[in-house]
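Q: What follows is each chain in one-letter form.
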Amino acid sequence: MAYRTNLMLCTCTMCVSVGALKIKRKIEEEIKRHNLEDEIQIIPVGSSWLCTRGPTLIVQPDDVVYQFLKEDDIPHLVEEHLLKGRPVKSLMYIHPETLHPIEKLHQIPFYRQQRLITLRNRGMIDPDKIEECIARDGYKALAKVLKSMTPEEVIQEIKDSGLRGRGGAGFPTGRKWEVCRAVKGSPKYVVCNADEGDPGAFMDRSIIEADPHAVLEGMAIGAYAIGASEGYIYIRIEYPLAIKRLERAILEARDYGLLGENILGAGFSFEAHVFKGAGAFVCGEETSLLASIESKPPEPRTRPPYPAQSGLWEKPTNINNVETWANVAAIINQGAKWFSEIGTETSKGTKVFSLAGNINNAGLVEVPMGITLREMVYDIGGGIPNGKKFKAVQIGGPSGGVVPDSLLDLPIDYERLQEAGAIMGSGGMVVVDEDTCMVDFAKYFLIFTNDESCGKCTSCREGSAAMLEILTRITEGKGEEGDIEFLEELGEAVKEASQCGLGQTLSNPVLSALMHFRDEFEAHIKYKKCPAFVCKDLITYSIDPDKCTGCGLCLKQCPADAITGKLKKPHQIDDSNCIKCGVCRDSCKAKAVILKDRFDK
Amino acid sequence: MEEKIRGSVLVVGGGIAGIQAALDLADSGFKVYLAEKGPSIGGVMAQLDKTFPTNDCAMCILAPKLVSTGRHPNIKLITNAEIEELTGKAGNFTVSVKKNPRYVDESKCTGCGLCVENCPVRKAIYPVEKVEVKLGPQDLERMKKIITEYKNKEGALLPALHDINIGYSYLPENILRYISEELDLPLSLVYQIATFYNAFSLKPKGKYTINVCMGTACYVKGGNRIVESFERALGIKVGNTTEDLMFGLETISCFGCCGQAPVVVVNEDLYGHFRATKVPQLIKSYSETPKKAGMEVGNAEVKG
Ligand SMILES: Cc1cc2nc3c(=O)[nH]c(=O)nc-3n(C[C@H](O)[C@H](O)[C@H](O)COP(=O)(O)O)c2cc1C
Ligand code: FES
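Protein sequences, first through last, are from chains L and U. Number 296 in my numbering belongs to position 296 of the first sequence; there are no gaps in the numbering. Number 255 in my numbering belongs to position 255 of the second sequence; there are no gaps in the numbering.
Quick caveat, the hints were computed from the structure, so don't treat them as lab data. Small disclaimer: the values here were computed from a predicted structure and weren't measured. A hint or two may mislead.
Cβ-to-Cβ under 10 Å is the rule here; a few derived chain L residues that face chain U [unchecked claim]:
#1 ALA135
#2 SER206
#3 GLY267
#4 PHE275
#5 GLU294
#6 SER576
#7 CYS578
Heads up, the beta-carbon is just placed ideally off N, CA and C, and yes, glycines get one too.
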């Protein structure tokens, strides 16, 4: 049956959390009430749009997009737009500068600059219905490969495309496959790394939630190319919805004969299994991940032998990231040449980034390689909210680093980012504004890596602890002359002496912060000042008597009874009781709570 | 004037105390026999991560001593050995030592550990006392399913722990002992895996587990202040459970919902754009109404 209108309702984890399913039920009710069931259908899609503005709804073919939907909006929306054909302006995206509502999805700046390859089915299909995926060329590449290409041709195509691993290191995918194909041994395995341990990153979850079949198809093609017949998808347990969609996708693909024995009658068999991780960052490292699947203690081991030589159950294993796999089918369908024309000299194709932090349009972004960070932050991201000043972008999570304002015109490319002290990583991009203290931020990452270090190498285990101790001292105002130099020395030592990527990169956040924001470290050490007013031991809270209206809200909220004052009279904060929780500052409507340096030197 | 040192000393027990005694004696010129019941010296310290009170790495202190003991010309190691009889008096003892066979040529063994890994009869080296694990009928029923699914399968431990965790919402000790027996896996391995991952807890959890995201995006938007607010409001530190077993407080590094940062998750309800000032309200809403779990509940009540 053909429908007049399709309602693409985003049902990713984030939108569900803000009530997308309630909205869905309400729309269904309303459609029924107006007897429109035969004309309009709701399609639950994954990861469709600006993730901060959920629940979102896209009306096709009108290309109209609605944001921040509430149940009460629905009757009006259905009646106005779907019945009378008058789009509802009040629910649309408002342009941050012109303040005009923007009606069409593709006119929104956030969307305009994106180029969708990995996320080709984003917001277009119901991820739980394989038919919709097939209608949009899903599994066409697999059929093409099985019917008309030899494994060697497939590998050549991937090599020609210039596709590099999207999991962090950027190793050329075609070469990896080639090595694995050449190694003797059977059976062979393919593994999809969906552990996504980087805090502040959600690309892999979104790809799976939007289009699980893209990953499965890529894995099947890869398995054919290297001669494997079994695959594992290692996914973190924190992603229940993605796990559910993936498991369902596997069942459906099996029903359609697109997975399992003798796929499409071509004599090639491939089985995929979902394996659930249990929350350990180090399990994203490939050797540790394989040990985890074997239920061994998930500690990384030295390479070589590489997984391609001796991987899962000591058999040749090819491991790639979710996004890498999701690119494969597109390359086969449209050709290596097409793919290699996108991007820069060394980095081909597109990259999915999860843009988050202090930014107006947080969300999932797929852009061609080579786009500048400035375009990412200002054009796509829409700048910094609340009129704050931009400070830095953190790229690559705990293995990456910060890129300051002065380097914003850097094109995104594996090599260029590395030169700036950051890494491409898996694509987590967290924007921080002037209210973030770079010392504290560096400390944050060390707390993380210190906690997640598996403890095997002394340099990583003890080195992260020692660096953390120094940073903690600095944030407490007890920093000493020479701390910075010692941090740098220690950071380099840990880099060199550790066995796996976790240890080899854990000092990056500190070193890059030292490279670009050395003055902030010096302010903490020499003048005992925190320029961003974050480090508690270096600041005091007080109330500006001229601004305070005496509403008493802060007094009520203060958990430490540190605020005194009479109603309608300016209040005061008693510094000796104040625990610097900041609740008063959050609750003050008059913005009367101010931060000052504790030590005026 | 130096007195001539004569005679030899037997040190019984090759733990850190025995090793240090042997080294000190040997350095002062005595011939030392170091007898140890187990197949190797090192004792308990070799199994420790850190030592009290300095938190020094245990192995870093011990390892050089092990090497010097092994190489010291004045020390003779007698491992796999037990003292059978001791006669004589101070200055002139006669000891008879029973040395158990090792079945390995000590001069050739490099200690690579491969044979241990591949030995089909595990636990043979350190026979542990068998602890009888008794489970109630309900537990047995639950475990039967898990055991039949995973017995004799490779790589079954982690999935099995997941299943147990779903059933109990933590990993009870007797259950871990039980599956160690039934799946024929060393208990040490079961514990190692169970304690490695953040998703597992060995302590019972509260009725509601409050997970505060401390991922990067949530951190820069004030995640740590939310944690502190919860700590104050509940009177517990992160990683603990309130006495009435109502609330457990934990942090997690990223739910993958960074667009909604800062994020708090209570059981399966996710609250985006959370603020520290909402903490009391959230706790109250769970203490009062028995709520239906499930993502759908959303943050209708508390979102502000
Ligand atoms: C500490 C650490 C964590 C990692 N975490 C991930 C991860 O979460 N996801 C991922 O795809 N790769 C991760 N990697 C990279 C993998 O080891 C591996 O390089 C990657 O999965 C290879 O896939 P690719 O060639 O497609 O990039 C991590 C590496 C290290 C050292
Ligand atoms: S950082 Fe909190 S959800 Fe990702």
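Q: Are the hints correct? Go through all of them and say.
A: Here is what the structure says about each hint:
For the restraint placing L/ALA135 at the interface with chain U, the shortest Cβ-Cβ distance is roughly 28 Å, beyond the 10 Å limit, so the hint is violated. Because the beta carbon of L/SER206 sits about 8 Å from the nearest beta carbon in chain U, less than 10 Å, this interface hint is met. Hint status for L/GLY267: violated, given a least beta-carbon distance of 28 Å to chain U, over 10 Å. Evaluation of the L/PHE275 hint against chain U yields a held restraint, the C-beta minimum of about 8 Å falling below 10 Å.
With its C-beta approaching chain U no nearer than about 5 Å, L/GLU294 sits inside the 10 Å limit, and its interface hint holds. For L/SER576, the suggested interface contact is broken, since its CB lies about 18 Å from the closest CB of chain U, more than 10 Å. Interface restraint check for L/CYS578: the shortest CB-CB distance to chain U comes to about 13 Å, outside 10 Å, so the restraint is violated.
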